[in-house]
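A.B. asks: For the protein sequence lines, the chains are A and B, in the order given.
In terms of the working numbering, the first sequence opens at residue 1 and continues consecutively.
In terms of the working numbering, the second sequence opens at residue 1 and continues consecutively.
The hints are simulated quantities; they were obtained by calculation from the structure and are not laboratory data.
Note that the coordinates shown come from a computational prediction; the quantities given were computed from them, not determined experimentally.
Misleading hints may appear alongside valid ones.
Claimed, not checked - EDC-like, lysine to aspartate or glutamate: derived pairs with alpha carbons at most 20 Å apart: (1) B:K29 to A:D45; (2) A:K145 to B:D340; (3) B:K226 to A:D22; (4) B:K114 to B:D59; (5) B:K226 to A:E120; (6) B:K297 to B:D313; (7) B:K29 to B:D296; (8) B:K248 to B:D307; (9) B:K36 to A:D152; (10) A:K48 to A:E120; (11) A:K35 to A:D45; (12) B:K229 to A:D22; (13) B:K226 to A:E190; (14) B:K373 to B:D316; (15) B:K249 to B:D340; (16) B:K229 to B:E189; (17) B:K297 to B:D316; (18) B:K248 to A:E189; (19) B:K229 to A:E190; (20) B:K226 to A:D178; (21) B:K206 to B:D152; (22) A:K145 to B:D32; (23) B:K29 to B:D307; (24) B:K29 to A:E120; (25) A:K145 to B:D111; (26) B:K249 to A:E189; (27) B:K226 to A:E173; (28) B:K36 to B:D107; (29) A:K145 to A:D133; (30) B:K249 to A:E120; (31) A:K52 to A:E82; (32) A:K52 to A:E120; (33) A:K113 to A:E82.
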Amino acid sequence: MKYFPIMISLSVLSVYSLAKADSPLARIAPAPEVKLIDAEGEPFDLSKLRGKAVLVSFVYTTCNGSCPLTSAAMAQCRDALEKDGLWGTKVEFVSISLDPAHDTSEVLKMYAKIYDARPESWHFLTGPTDRVDRVVASWGMWARKNAMGVLDHPSRVFLVDPNGVQREIYSLEFLTPDAVVADVHGLLEERSPVRHPARGNGP
Amino acid sequence: MLRRLFAALLILVLPSLAMAETCLSPYVKRLDRPEKYLYLFCVDADAKDNDFVAVIDVDPASKTFSKIIHTVDLGSRGNETHHWGYTDDRTRIWAGGLLSSKIWILDVATDPAKPRIEKVLETIPEVTGLTGPHTYYALPGRMLLSFLGAKDGGLPAGMAEFTNDGRFIRRIDQPKDAPYAYDLAVKPEFNRMVTSSFTPMRNYRKPFKQMDPKDFGTEMVVWDFKARKPLQVGRAGLAPLEVRWSLKKGANYGFTNCALDDSLWMFRGKTDGRYEFKKVADTGPMPADLRQSPDDKYLFVSNFGGDTIQQFDVSDPEKVTLFSTAKIGTQPNMMHVTGDGQRMYVSNSLLSTLDRDGTFWVRLIRITPEGLKIEKSFNVDLTSFPTGPARGHDMLLN
Numbered sequence: 001m002k003y004f005p006i007m008i009s010l011s012v013l014s015v016y017s018l019a020k021a022d023s024p025l026a027r028i029a030p031a032p033e034v035k036l037i038d039a040e041g042e043p044f045d046l047s048k049l050r051g052k053a054v055l056v057s058f059v060y061t062t063c064n065g066s067c068p069l070t071s072a073a074m075a076q077c078r079d080a081l082e083k084d085g086l087w088g089t090k091v092e093f094v095s096i097s098l099d100p101a102h103d104t105s106e107v108l109k110m111y112a113k114i115y116d117a118r119p120e121s122w123h124f125l126t127g128p129t130d131r132v133d134r135v136v137a138s139w140g141m142w143a144r145k146n147a148m149g150v151l152d153h154p155s156r157v158f159l160v161d162p163n164g165v166q167r168e169i170y171s172l173e174f175l176t177p178d179a180v181v182a183d184v185h186g187l188l189e190e191r192s193p194v195r196h197p198a199r200g201n202g203p
Numbered sequence: 001m002l003r004r005l006f007a008a009l010l011i012l013v014l015p016s017l018a019m020a021e022t023c024l025s026p027y028v029k030r031l032d033r034p035e036k037y038l039y040l041f042c043v044d045a046d047a048k049d050n051d052f053v054a055v056i057d058v059d060p061a062s063k064t065f066s067k068i069i070h071t072v073d074l075g076s077r078g079n080e081t082h083h084w085g086y087t088d089d090r091t092r093i094w095a096g097g098l099l100s101s102k103i104w105i106l107d108v109a110t111d112p113a114k115p116r117i118e119k120v121l122e123t124i125p126e127v128t129g130l131t132g133p134h135t136y137y138a139l140p141g142r143m144l145l146s147f148l149g150a151k152d153g154g155l156p157a158g159m160a161e162f163t164n165d166g167r168f169i170r171r172i173d174q175p176k177d178a179p180y181a182y183d184l185a186v187k188p189e190f191n192r193m194v195t196s197s198f199t200p201m202r203n204y205r206k207p208f209k210q211m212d213p214k215d216f217g218t219e220m221v222v223w224d225f226k227a228r229k230p231l232q233v234g235r236a237g238l239a240p241l242e243v244r245w246s247l248k249k250g251a252n253y254g255f256t257n258c259a260l261d262d263s264l265w266m267f268r269g270k271t272d273g274r275y276e277f278k279k280v281a282d283t284g285p286m287p288a289d290l291r292q293s294p295d296d297k298y299l300f301v302s303n304f305g306g307d308t309i310q311q312f313d314v315s316d317p318e319k320v321t322l323f324s325t326a327k328i329g330t331q332p333n334m335m336h337v338t339g340d341g342q343r344m345y346v347s348n349s350l351l352s353t354l355d356r357d358g359t360f361w362v363r364l365i366r367i368t369p370e371g372l373k374i375e376k377s378f379n380v381d382l383t384s385f386p387t388g389p390a391r392g393h394d395m396l397l398n
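Can you build the whole structure from these sequences, using the hints too?
C.D. replies: Dropping the structure here:
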């Protein structure tokens with residue numbers, strides 16, 4: 001029994017020695033808090049998805065520019081992740097409305113169907129305008145009407161790791177299934193015990 | 001079905017190759033209209049007053065066309081204000097001083113005619129261990145910067161990444177056999193980044209005649225962009241500066257201007273994944289800037305030492321030919337080609353330590369099917385500010 005601590009130490013050491021290198025993706029910043037309402041009208045808290053990778057986009061349903069492309073690209077990524085057996089169990093998606101006054105839960109529910117987005121793993125979010133605005137700004141995003149009266153906004157999609165840290169930001173042009181699948185694999189294969197306490201390999 | 005719809009929509013939404021601004025990061029939002037404002041990064045020529053940003057009206061329909069309509073006092077002098085770049089969403093410009101290593105984050109969205117300073121990053125050397133911020137390259141939600149030297153003004157140079165609002169993310173080290181740095185450019189479809197070489201602050205802060213000619217790099221580094229890992233160190237002529245990937249989809253090559261070798265070099269990916277580096281043309285003396293036409297047919301070279309701007313036809317990158325030459329004035333340096341490829345603005349200061357003429361201006365060249373034509377009606381004089389002459393260097397359009 002006196003050797004038990006040594007065995008534990010050796011076990012921990014072996015985990016370290018077998019560890020794969022961390023993903024090359026930088027730790028950009030902690031993912032800001034997201035507490036909004038989903039398309040089912042239920043409260044949603046992003047932090048509840050800790051332990052999974054999450055792709056976070058910002059779109060609005062009446063957009064006829066980059067938003068439908070972003071959602072379509074995410075649907076393609078979803079298909080690729082599903083094929084890899086990661087969808088739902090290891091990865092989920094979140095899409096936050098940039099036009100919450102129009103995009104009610106009911107509207108988002110209809111929008112989600114266009115992309116065959118099942119609500120258990122792809123969460124379309126809205127809420128009171130001031131609260132959504134705060135969330136949007138906290139992610140460094142913005143939406144404002146241009147001279148044509150159309151909402152202008154950047155097209156960025158954020159990859160959040162299982163510890164709630166932003167690890168990659170994709171622009172629409174480079175949001176491809178291959179890139180997302182590879183990046184998600186890289187994150188899930190990180191073995192740092194500090195960064196994955198839920199896996200039980202921490203001290 | 002979804003895939004085909006996505007492809008069709010993508011073609012409609014994204015700007016076409018022939019109608020987009022060149023020499024910006026591919027991640028920067030392009031202007032969807034002709035330019036109205038030209039921002040000019042200015043050094044107070046005698047370094048007795050604060051450096052500033054000048055806003056020039058470049059809307060031909062405006063009553064103040066070709067006039068300086070606003071200046072932004074940067075609050076300090078002797079910075080050697082030099083290069084800058086837009087963030088991905090084009091709402092901010094990151095701008096830096098080669099001597100002070102300060103970085104100003106300018107808000108150009110609230111009022112494009114009157115940019116304002118949002119933040120000044122004053123402790124860049126302490127945060128990054130690097131000095132001489134040079135290239136400001138937008139990534140989605142972030143800025144990737146190259147630095148010309150280490151914290152002590154020597155080598156090695158390096159790169160660093162920040163969030164758009166100025167929070168440091170990480171430093172990226174040069175490979176040991178390529179300690180110099182200058183420009184960087186990314187070709188996302190190949191996951192490749194290429195960086196170039198100049199000289200660190202210990203050298204560029206000296207008067208030209210005192211500069212050590214042996215303290216300039218010739219290296220170009222090919223990187224795995226996603227991993228930010230160096231893959232290969234190649235060599236070009238002395239001081240390869242701007243890195244310009246071909247704009248054509250699928251074209252795995254690009255060019256650089258070697259300022260102290262008076263030459264144009266090409267880098268090109270081979271079938272084995274490695275890159276070759278070879279000289280493709282002689283240029284005029286001291287080619288200081290290199291720009292591209294939106295149709296990828298021409299390269300423009302400003303010969304700071306030869307007082308000319310050359311237009312090279314690079315339709316066949318193996319057979320680069322001189323197409324046209326313009327004499328726009330002394331020491332032409334920075335150029336900026338408009339998104340329609342029909343005009344090019346030119347400024348004429350390189351560095352306080354290298355300028356040999358005190359007459360500073362911004363002029364305009366029309367890019368015609370016959371070649372470069374100087375637009376004589378456009379001449380912005382930079383010698384008559386209340387604070388005296390200013391050295392105008394980098395430019396951006398909005």
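A.B. asks: Please name the hints from earlier in the document that this structure breaks, with their numbers sorted from lowest to highest.
C.D. replies: 1, 2, 5, 8, 14, 18, 23, 24, 26 and 30
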